[in-house]
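Asks: Top line first, the protein sequences correspond to chains A, B, C and D. Count the first sequence with this note's numbering and you get residues 1 to 296, in order. Count the second sequence with this note's numbering and you get residues 1001 to 1296, in order. Count the third sequence with this note's numbering and you get residues 2001 to 2296, in order. Count the fourth sequence with this note's numbering and you get residues 3001 to 3296, in order.
In case anyone wonders, no lab produced these hints; they're calculated from the structure. We put the CB at the ideal spot given by N, CA and C, even for glycine. The reader is advised that the hints may include incorrect statements.
To be verified - Chain A stretches covered by chain C per the calculated footprint, using a threshold of three residues with CB under 8 Å from any CB of chain C:
#1 20-28
#2 193-204
#3 210-224
To be verified - If you anchor each label on the Cβ, the simulated ranges turn out as follows:
#4 D:PRO3149 x B:GLU1147: 38 to 48 Å
#5 B:LYS1271 x A:ARG220: 45 to 55 Å
#6 B:GLU1043 x D:PRO3149: 50 to 60 Å
#7 A:ASP272 x C:ALA2252: 40 to 50 Å
#8 B:GLU1227 x A:ARG32: 39 to 49 Å
#9 D:PRO3060 x C:ALA2190: 42 to 52 Å
#10 D:LYS3271 x C:PRO2064: 49 to 59 Å
#11 B:SER1102 x D:ALA3190: 24 to 34 Å
#12 B:GLY1010 x D:ALA3190: 31 to 41 Å
#13 C:ASP2120 x A:LYS94: 42 to 52 Å
#14 C:ALA2130 x A:ASP35: 39 to 49 Å
#15 D:ARG3269 x C:GLU2224: 48 to 58 Å
#16 D:ARG3269 x C:PRO2064: 36 to 46 Å
#17 C:GLU2224 x B:GLU1227: 55 to 65 Å
Number of protein chains: 4
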Amino acid sequence: MVQLGLVGLGKMGFNMRERLRAAGHEVVGYDRNPDVSDSTSLEDMVSQLSGPRIVWIMVPAGEPTRQTVTELGQLLSEGDLVIDGGNSKFTDDKLNADLLASHGVGYLDCGVSGGVWGKDNGYGLMVGGAASDVQRAMPIFDALRPEGPREEGFSHAGSVGAGHYAKMIHNGIEYGIMQAYAEGFELLEAAKIVDDVPAVIKGWQRGTVVRSWLLDLLVRALDEDPELDDLEGYVEDSGEGRWTLEEAVNNAVPAPVLSAALFARFSSRQKDSAAMRAVAALRNQFGGHAVKKAGS
Amino acid sequence: MVQLGLVGLGKMGFNMRERLRAAGHEVVGYDRNPDVSDSTSLEDMVSQLSGPRIVWIMVPAGEPTRQTVTELGQLLSEGDLVIDGGNSKFTDDKLNADLLASHGVGYLDCGVSGGVWGKDNGYGLMVGGAASDVQRAMPIFDALRPEGPREEGFSHAGSVGAGHYAKMIHNGIEYGIMQAYAEGFELLEAAKIVDDVPAVIKGWQRGTVVRSWLLDLLVRALDEDPELDDLEGYVEDSGEGRWTLEEAVNNAVPAPVLSAALFARFSSRQKDSAAMRAVAALRNQFGGHAVKKAGS
Amino acid sequence: MVQLGLVGLGKMGFNMRERLRAAGHEVVGYDRNPDVSDSTSLEDMVSQLSGPRIVWIMVPAGEPTRQTVTELGQLLSEGDLVIDGGNSKFTDDKLNADLLASHGVGYLDCGVSGGVWGKDNGYGLMVGGAASDVQRAMPIFDALRPEGPREEGFSHAGSVGAGHYAKMIHNGIEYGIMQAYAEGFELLEAAKIVDDVPAVIKGWQRGTVVRSWLLDLLVRALDEDPELDDLEGYVEDSGEGRWTLEEAVNNAVPAPVLSAALFARFSSRQKDSAAMRAVAALRNQFGGHAVKKAGS
Amino acid sequence: MVQLGLVGLGKMGFNMRERLRAAGHEVVGYDRNPDVSDSTSLEDMVSQLSGPRIVWIMVPAGEPTRQTVTELGQLLSEGDLVIDGGNSKFTDDKLNADLLASHGVGYLDCGVSGGVWGKDNGYGLMVGGAASDVQRAMPIFDALRPEGPREEGFSHAGSVGAGHYAKMIHNGIEYGIMQAYAEGFELLEAAKIVDDVPAVIKGWQRGTVVRSWLLDLLVRALDEDPELDDLEGYVEDSGEGRWTLEEAVNNAVPAPVLSAALFARFSSRQKDSAAMRAVAALRNQFGGHAVKKAGS
Chain A
1 MVQLGLVGLG KMGFNMRERL RAAGHEVVGY DRNPDVSDST SLEDMVSQLS
51 GPRIVWIMVP AGEPTRQTVT ELGQLLSEGD LVIDGGNSKF TDDKLNADLL
101 ASHGVGYLDC GVSGGVWGKD NGYGLMVGGA ASDVQRAMPI FDALRPEGPR
151 EEGFSHAGSV GAGHYAKMIH NGIEYGIMQA YAEGFELLEA AKIVDDVPAV
201 IKGWQRGTVV RSWLLDLLVR ALDEDPELDD LEGYVEDSGE GRWTLEEAVN
251 NAVPAPVLSA ALFARFSSRQ KDSAAMRAVA ALRNQFGGHA VKKAGS
Chain B
1001 MVQLGLVGLG KMGFNMRERL RAAGHEVVGY DRNPDVSDST SLEDMVSQLS
1051 GPRIVWIMVP AGEPTRQTVT ELGQLLSEGD LVIDGGNSKF TDDKLNADLL
1101 ASHGVGYLDC GVSGGVWGKD NGYGLMVGGA ASDVQRAMPI FDALRPEGPR
1151 EEGFSHAGSV GAGHYAKMIH NGIEYGIMQA YAEGFELLEA AKIVDDVPAV
1201 IKGWQRGTVV RSWLLDLLVR ALDEDPELDD LEGYVEDSGE GRWTLEEAVN
1251 NAVPAPVLSA ALFARFSSRQ KDSAAMRAVA ALRNQFGGHA VKKAGS
Chain C
2001 MVQLGLVGLG KMGFNMRERL RAAGHEVVGY DRNPDVSDST SLEDMVSQLS
2051 GPRIVWIMVP AGEPTRQTVT ELGQLLSEGD LVIDGGNSKF TDDKLNADLL
2101 ASHGVGYLDC GVSGGVWGKD NGYGLMVGGA ASDVQRAMPI FDALRPEGPR
2151 EEGFSHAGSV GAGHYAKMIH NGIEYGIMQA YAEGFELLEA AKIVDDVPAV
2201 IKGWQRGTVV RSWLLDLLVR ALDEDPELDD LEGYVEDSGE GRWTLEEAVN
2251 NAVPAPVLSA ALFARFSSRQ KDSAAMRAVA ALRNQFGGHA VKKAGS
Chain D
3001 MVQLGLVGLG KMGFNMRERL RAAGHEVVGY DRNPDVSDST SLEDMVSQLS
3051 GPRIVWIMVP AGEPTRQTVT ELGQLLSEGD LVIDGGNSKF TDDKLNADLL
3101 ASHGVGYLDC GVSGGVWGKD NGYGLMVGGA ASDVQRAMPI FDALRPEGPR
3151 EEGFSHAGSV GAGHYAKMIH NGIEYGIMQA YAEGFELLEA AKIVDDVPAV
3201 IKGWQRGTVV RSWLLDLLVR ALDEDPELDD LEGYVEDSGE GRWTLEEAVN
3251 NAVPAPVLSA ALFARFSSRQ KDSAAMRAVA ALRNQFGGHA VKKAGS
């Protein structure tokens, strides 16, 4: 059994603490929200850990993570280890690792997948960093990952940054898969040739080529709301989808499906599209085509 | 000077009659609307023409055109010639030609481009059919096409159907070009780095690689409405865009730009997208992500 | 236990016969290949069945299926039932059903998914047709579908044609999902930030959001050939992907992901692209950009 | 008449010097290639100019431009003005402007469009920077831009960076338009319904909605090589296309056409696609589909 500091007890961090404790590990959590925190400050959390320490960061990517890493650099000691399990951009990892290395503190980046289901099912983990650090944190990873062969729910993807890189690509793929099901669903709904769309989708869960965990979730959603009309077709995107497309551009890799999925989300959030106003204006100019006037 | 029957005096047909008459040709028009018609019926129109007759059809594609061809088959005589100048699907042309051939009547299909500007600028023409029929109708084509070398505003594209095929592809390209400008416009608007977006677009009219007639029209539209916010981003599509994509599929030709332009129009007409509701539902299922409830 | 005629003993039909027999059903197969056939002709097959008969067709879509239906119409009797389990276009089903109905023979269309794995895992089934016919054939469906709750591997999608419609959409989605993984794989390979790409993908099998049966197959493929360089990036497409896009167009449903996946396959089969020669020619014209000369 | 230093006498800079001199301006050019240079060094060039000086940079974007700006900062004096006419990323402009401002030297960024045709036709110009600097350089801009109303070939797009931003979007649009024509061309070639594809495209030059300068160039290319088979469908991309897509992502603007055009170029340069090998591998796994073995 190991001892772990855990910074950030939101939806993900809170559940991870549960899973880790259920596996018998000792977790000292810190969160700004005192209702969930096991410690009064980062400093207090660190002081409750006996060295060499392992601290897992599970706070929002970007400035919050950067801030936490900086503070931990002050508080931790040579030989300690920090793991960033948030959705950081892979380019941040080198900066974090360098900062901590200047204090003799090790660094791993760990992409974590599985959402709210991870508490019970385990989390898919992709880790970047030195093999010796990975080895040292393995009891933590083993507690967090799903049952079954380790290599089916955990990978050591490469050196620092590779874990978040793998997670970024994972999320890009996730966008594409979700959009593929979504387009199929809309087509089934629109064509009205299939009478019972939810039954068809439920019937895809076994034996078919498209069976997947996301399909199971779609079936759950349709069980609760067969036409999915309790919610709006308004979809946020996280950094990872955007970074995946950036990486496609940087590496000259065609990514038509991943970009289409991202753009569909952008479109879903537009009340009115400037681009389509331009197309309407052009049609109007050359064809005298009827256009919808704003406010009409 | 030649004599022509012209069926359909809507926005296009009406203007074409003007242009033909301005060139000195005799046009007997027929339209169901007596205010614009020169004849009381198709039969009356035909009776006012001396053989061998040429009749130009300018009515909506599909059933209306088919109906007109069928009636003309009854009314015309061996050696007469029918030209379909509407936006018919190229597969209709063979049917029309065969039907008329059974009466000894010739057939040409003619794609007509240029919109409301054609009356003054001339129309771009793409013709399918027998060379002898094309030759016979050339005075008409010469009056309708723009000034300048014939081969820059007119083509004999091939046998029956080839004219409408060329026009279909023309329109597919048109969708793509319009969407390219539109995406650029939206980006300029969104990024707010360029202060005067209409001025930049106006400044693209000369010397640049993207100068075009459609750009000139966009400049006109922006002159009238600098943010294009007098109209909605709601865009219809005509058959040709869809048929172009069908043809891409039939010929295994990748058409990512042309399809993206068509899909952008489909999206522009959706108040809410079933596909994006499915994506939102999936995100909700796995991540407990906040979603917009319908009606909220 | 029921008795079934099975026409077509290729890769799919052969395996289905195995699975049906393993479940205790009696199958009289017919195939043009005498090595696998249980009968010498369609007529012989029909004569070996006692009425009321059920005959399952598992031959290529289009003409071969149409031909088989026509012959069965001659051979079968009132009260018999035909099931088309091939990859027919949903619009063929109405024709087939009408033809058989004129002989008093019933008709079901059944989309079958699962590939070569279906023999052992069971096949995902989507059925169109009358409820009474579905009920009658249920022992067959139950034998073919996977273990587990019937509604998770089988659906009665609607009236005639709905089964193949559901299968068509299934395949469109399948294209999109495969392409999503494929783009992610290429990005991982190209960026060279992840050291062990197969290990990362293997590690996605449990706990992650992207886990699926197709992912399991990708892991299998990478186990056999870690860089997938024993084969060419040349991918065929079947009718269903194309028909899905046709349906998207017909129903004005945006399908950017499904179309991108189809177009990627088209592109994969082109040695040289006429479109890209045109782009190269344009760049050459305006910029004097260096271009690759053919054969250089 | 004004005096101008011009750094970089490649394809673009050389032609611009010609056009400026033809307009009566005095140009002192510098290029590392002594065959075309009017001066032996940047220092020599600067020394030949009487203050307050204007120096136009026309060297490759990125490091070469940055280096030139840095050296000019050393050589120029308070009140001088530098114009970067290259294809720099808009984010470089602020850095360049700040560096020069520390020496009291002004800065304008100018996007230049028109390719090799600019020498005779004039160049489309988009400028970013202070109005007073723009005013001061106007004689240069007027000499470089096309005949006709200034606002149709020149724009002051906004503050520093806006000129290159406008040029970046211009190029993104250019990619989309070129791809639209290219897909149409390939479809016409593939379908073989139009007999004379070059004649049809030539016939689009007048009257049609798709007429443009790029279309005129396509006609020129087809005049020289009717099937465009003297060159390969291998197309480079410049930074601007990539940056446009980056900006679309950064601003959450859907850009399906511009991204499709960029990805088509990426694909055109791949001998074999890792993504499509993955799709082939998946098909092979589930369906036992025939795949092309590498080297076969």
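Asks: Against the earlier hints, flag every one the structure doesn't satisfy and list their numbers going up.
Replies: 1, 4, 5, 7, 9, 10, 14, 15
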